[in-house]
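Top to bottom, those sequences are chains F and E. For the record, in the first sequence the residue sitting at position 135 is 135 according to full-length UniProt numbering, with numbers rising by one throughout. For the record, in the second sequence the residue sitting at position 384 is 384 according to full-length UniProt numbering, with numbers rising by one throughout.
Read the hints as simulated data drawn from the structure, not as lab findings. None of the values given here were measured: they were computed from a predicted structure. Certain hints may be false.
Since copy identity is lost for identical chains, a pair holds within one copy or between any two.
Lysine to aspartate or glutamate pairs mimicking EDC-like chemistry, simulated, CA-CA at most 20 Å apart [what the hints assert, rightly or not]:
{"hint": "1", "residue 1": "K66", "residue 2": "E232"}
{"hint": "2", "residue 1": "K477", "residue 2": "E494"}
{"hint": "3", "residue 1": "K291", "residue 2": "E336"}
{"hint": "4", "residue 1": "K179", "residue 2": "E50"}
{"hint": "5", "residue 1": "K291", "residue 2": "E337"}
{"hint": "6", "residue 1": "K188", "residue 2": "E201"}
{"hint": "7", "residue 1": "K346", "residue 2": "E250"}
{"hint": "8", "residue 1": "K234", "residue 2": "D298"}
{"hint": "9", "residue 1": "K344", "residue 2": "E250"}
{"hint": "10", "residue 1": "K355", "residue 2": "E79"}
{"hint": "11", "residue 1": "K67", "residue 2": "D441"}
{"hint": "12", "residue 1": "K291", "residue 2": "E348"}
{"hint": "13", "residue 1": "K463", "residue 2": "D69"}
{"hint": "14", "residue 1": "K346", "residue 2": "E410"}
{"hint": "15", "residue 1": "K229", "residue 2": "D146"}
2 protein chains.
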Amino acid sequence: MKKYQVVTSVSVLAIVAMLLLTVSVRENKADQARIAATPEIKAFEVRSSEWGRHYPRQYSTYMQTKKSDAFIDVLGDLEPGLVINWAGYAFSKDYSRPRGHYYMLEDQAVTLRTGAPDPAKGIPSPQPTACWTCKGPDVSRLIARDGELEFFTGTWDKYGSEVVNPVGCADCHDPKTMKLVTTRPHLKRAVDASGILKYDEATQQDMRSLVCAQCHIEYYFKPTEWTDKNGEKKVAKVNTLPWDKGLSVEAIEQYYDEIGFTDYTHKLSKAPILKAQHPDYELFRTSIHFKRGLACADCHMPYVREGGVKYTSHQILGNPLDSIGNTCLNCHHDSEEGFRAIIKRKLERKYELAKQATVSIATAHLEAQKAWELGASEEEMRPALMDIRKGQWRWDFALASHGSFFHAPEEMLRIVADATHYGQEARIKLRAILAKYGAGDYVAPDFSTKEKAQALAGIDLLKESREKTRFLNTVRKEWFNEAKKKGVFDPQGEQDMIPFISAWPVPAEDGSTEKAPMETKAAGEQTPDRQATEKL
Amino acid sequence: MKKYQVVTSVSVLAIVAMLLLTVSVRENKADQARIAATPEIKAFEVRSSEWGRHYPRQYSTYMQTKKSDAFIDVLGDLEPGLVINWAGYAFSKDYSRPRGHYYMLEDQAVTLRTGAPDPAKGIPSPQPTACWTCKGPDVSRLIARDGELEFFTGTWDKYGSEVVNPVGCADCHDPKTMKLVTTRPHLKRAVDASGILKYDEATQQDMRSLVCAQCHIEYYFKPTEWTDKNGEKKVAKVNTLPWDKGLSVEAIEQYYDEIGFTDYTHKLSKAPILKAQHPDYELFRTSIHFKRGLACADCHMPYVREGGVKYTSHQILGNPLDSIGNTCLNCHHDSEEGFRAIIKRKLERKYELAKQATVSIATAHLEAQKAWELGASEEEMRPALMDIRKGQWRWDFALASHGSFFHAPEEMLRIVADATHYGQEARIKLRAILAKYGAGDYVAPDFSTKEKAQALAGIDLLKESREKTRFLNTVRKEWFNEAKKKGVFDPQGEQDMIPFISAWPVPAEDGSTEKAPMETKAAGEQTPDRQATEKL
Chain F
1 MKKYQVVTSV SVLAIVAMLL LTVSVRENKA DQARIAATPE IKAFEVRSSE
51 WGRHYPRQYS TYMQTKKSDA FIDVLGDLEP GLVINWAGYA FSKDYSRPRG
101 HYYMLEDQAV TLRTGAPDPA KGIPSPQPTA CWTCKGPDVS RLIARDGELE
151 FFTGTWDKYG SEVVNPVGCA DCHDPKTMKL VTTRPHLKRA VDASGILKYD
201 EATQQDMRSL VCAQCHIEYY FKPTEWTDKN GEKKVAKVNT LPWDKGLSVE
251 AIEQYYDEIG FTDYTHKLSK APILKAQHPD YELFRTSIHF KRGLACADCH
301 MPYVREGGVK YTSHQILGNP LDSIGNTCLN CHHDSEEGFR AIIKRKLERK
351 YELAKQATVS IATAHLEAQK AWELGASEEE MRPALMDIRK GQWRWDFALA
401 SHGSFFHAPE EMLRIVADAT HYGQEARIKL RAILAKYGAG DYVAPDFSTK
451 EKAQALAGID LLKESREKTR FLNTVRKEWF NEAKKKGVFD PQGEQDMIPF
501 ISAWPVPAED GSTEKAPMET KAAGEQTPDR QATEKL
Chain E
1 MKKYQVVTSV SVLAIVAMLL LTVSVRENKA DQARIAATPE IKAFEVRSSE
51 WGRHYPRQYS TYMQTKKSDA FIDVLGDLEP GLVINWAGYA FSKDYSRPRG
101 HYYMLEDQAV TLRTGAPDPA KGIPSPQPTA CWTCKGPDVS RLIARDGELE
151 FFTGTWDKYG SEVVNPVGCA DCHDPKTMKL VTTRPHLKRA VDASGILKYD
201 EATQQDMRSL VCAQCHIEYY FKPTEWTDKN GEKKVAKVNT LPWDKGLSVE
251 AIEQYYDEIG FTDYTHKLSK APILKAQHPD YELFRTSIHF KRGLACADCH
301 MPYVREGGVK YTSHQILGNP LDSIGNTCLN CHHDSEEGFR AIIKRKLERK
351 YELAKQATVS IATAHLEAQK AWELGASEEE MRPALMDIRK GQWRWDFALA
401 SHGSFFHAPE EMLRIVADAT HYGQEARIKL RAILAKYGAG DYVAPDFSTK
451 EKAQALAGID LLKESREKTR FLNTVRKEWF NEAKKKGVFD PQGEQDMIPF
501 ISAWPVPAED GSTEKAPMET KAAGEQTPDR QATEKL
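Looking at chain F on its own, in the form it has when it is part of the complex (with noise of 0.2 Å):
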């Protein structure tokens, strides 16, 4: 083609894209007009349903988060070595790959994790009130009806009959205007302690990764005293991001380590453990697509086109992948065949390293096991003991951020490198004391089932998955029936889930013949359920 020519192609398809802009802006302001139109939406209000009336558009996408619904047992199809680093931590009995929001509700209630609460026996869940926290916009609801402190008091099944509809609109909008807004009151408090943005002056693409941050950050529960109106002291345990010293691993590690926090103690090594949430946030904002100006919603949530209108699609993406042509390609001008091979490769560099960190930390916790078993003391034990807490908290951070390695590939590399290395290091120290106890050769036993790995860890699936069981028929169904009657739940929902929830099997007289969630594969999602609070 003649440069001329060029030209000439250059001036009409400028012609025809002005054109057909003109056309798409009249139908975007049509909508706007629209919206601009609608009756204001009450504060609080919890059904999505009542928002998806205004906007159509953004609540049938965020209905088709329901399609991200396979169920993958992570300790049983992965990696069961993820059983022997969380030993004496709920997450060794269930830990399945998160489904989409829709389902976030059902699957707290199903795991393993949120345990077999019976109020009317007296018995509690193992886990607190905060692991409501990013739940659902009741949470907002009943943190304004009964202040943040009583909300954070508690054990889970006190709300029970309360949050009933899982994430929706009123999370991250304004009924009145619309406008993203977060409604969690611990985010804006970390953000301006760490100085990261002002969150008063947080732009619209700022928000369209903050609204995300409520939740898929790194947390833990901040045990705090109070007294209520009639006097009671209680202790709230809540929902605090470990922000002020910066947001990478090492400064969250040195904030946990100056106030001597530890989640848990190794059920087998001892170890003082630190459980990463998901420090999605933190990990994305090291990352070249975060310098580069991109938002959480930029890929997670792409603009979708319907004839004229242009909107934001709210089936929230897990996988960007998954919609590629409408979110990688964008920007990276490939075919979806070579960009896939490019992924893979990734991909493959990341589960190499991280197989490597998995195993050498599991093999110090056995090892530490062994070393107790001989004898050896406190002191001996604590130098390899410290070098296991720095190596698990590494690898949990980099491992249980979602889609860290999309995020931030090379950062993520790193800190699954010092995983590994710390690992070793206490795999080093440990082997002194293993021969010094006469164990030099000691080999720590397979762990490459998750049958094994749980045998290891003391865990009674079966027992566990019969009290679930009896749990969703009774206790569960109960809880639905209350949230019923209140009125808070969505009809929509509602619907949804009368199918579900019959789907649970009745358990037998002697439980023999009961078919137990974790048999059928109904795991959990990665929900939060740290609680201790024990000091190093």
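Starting from the known structure of chain F, arrange chain E on it as the hints suggest.
Relative to the frame of chain F, chain E by itself:
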């Protein structure tokens, strides 16, 4: 700006661009016509100044490689742990950052690694002739004259008065057509054997990397028996690329393992070590830059513009960041400051993991040495020594590669993390052995300075430096005079070399007052000098 204004502006800009292009094309065409009219340059014209008479822009930029003249003593200024890892190998004596291509012959003469040969006294260099392979266009001339097997037979000093012009025009260009060509037989053989591409079908863009890959690769000197024309049996050490099984760090290791190759037995640990050369091309091929179609020349020899003429700069940039506006920022649309900040953080990650690997492997060597001293058996030591071999191979592969971190950051982090993992695996095994022999609490000696590390490695730096100084003032000067008589010396090179050679101090009778090259920081470059062929 209104949309119709945008369209108008685009059109005007396109027209202006077209006019500019026309002017530029005209000037470039004039340039091309001049090239076409240039008399042919003779075959094996080793004098780059002769080529430069016809291609002044390329030649004058080529001569600017002289600007990269900083001596950086890596062992002393950056990482003394290298001395430990290379103990028993020439690199432990002396290793400096590579300088500009212009200096490659001088740097090879100066480095302690080539020793102080004195043919008149029957003292050979410790290095084979193969060390000349990449040093300049005289090599192709000698291979054509003497035959490849004769060229690769004997010690380095054999061609001291023959290889006298540093890498230049004839190494990469056909003298008749100016087309890019490779002139070293090892590359074509390896490319065809590896199947990465068909050499005879290489595109111009392939060639813009392959000419560099003649030297910027991993290789070894393959012992090859042959009989000369007089019936004398000889063994050549032929420069060979270990690519038959692939170009990854693991595939090349497999190649070496299968032929039982070892570069040297480690002086302290007795581990059978593989020394990586500089697998730049291999690592580059794993990178996103390569996958996006870039060639070495795109960043290291960027296009420059002088008036209306655009040409490839032949000032080969060791670090494209030194000309960031002409290289990185062409594609990475960022401010220089912003871009450098991103690079800085990326490099910090590399340094962190590289340091871990260096220290882990060096410590393993020293711990193994202790275990031997205490009476450990070969059978006991073998598993740990094989871990050291694997770890050090990965460590060296990643770090010896020039700029590996820019070429392939994720691949490099993976490899270095693997290196640490193997180093630590060795240390776990060694700890059990040490404990068995009563030294479970053994702490390896300090190697935090070059002096301490070289003392541990048994290097007499002053003696080596004095011998080198004598060599430079006697044998090396004689080589220079012989080369002048042979008439192959580029007059421009000669002019530059006289002050260089005169700068060497004359040694005192007792050697006590002379200034040794190492003391004046006149260190060497990154020439391979592998020669050990011991079996595993």
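Hints versus structure:
no. : hint         : in the structure
1   : K66 to E232  : neither (43 Å within a copy, 80 Å between copies)
2   : K477 to E494 : within (12 Å within a copy, 94 Å between copies)
3   : K291 to E336 : between (24 Å within a copy, 14 Å between copies)
4   : K179 to E50  : within (17 Å within a copy, 71 Å between copies)
5   : K291 to E337 : between (26 Å within a copy, 13 Å between copies)
6   : K188 to E201 : within (12 Å within a copy, 61 Å between copies)
7   : K346 to E250 : between (24 Å within a copy, 16 Å between copies)
8   : K234 to D298 : neither (43 Å within a copy, 67 Å between copies)
9   : K344 to E250 : between (29 Å within a copy, 18 Å between copies)
10  : K355 to E79  : within (8 Å within a copy, 30 Å between copies)
11  : K67 to D441  : neither (51 Å within a copy, 57 Å between copies)
12  : K291 to E348 : between (25 Å within a copy, 17 Å between copies)
13  : K463 to D69  : neither (26 Å within a copy, 73 Å between copies)
14  : K346 to E410 : both (10 Å within a copy, 8 Å between copies)
15  : K229 to D146 : within (11 Å within a copy, 100 Å between copies)
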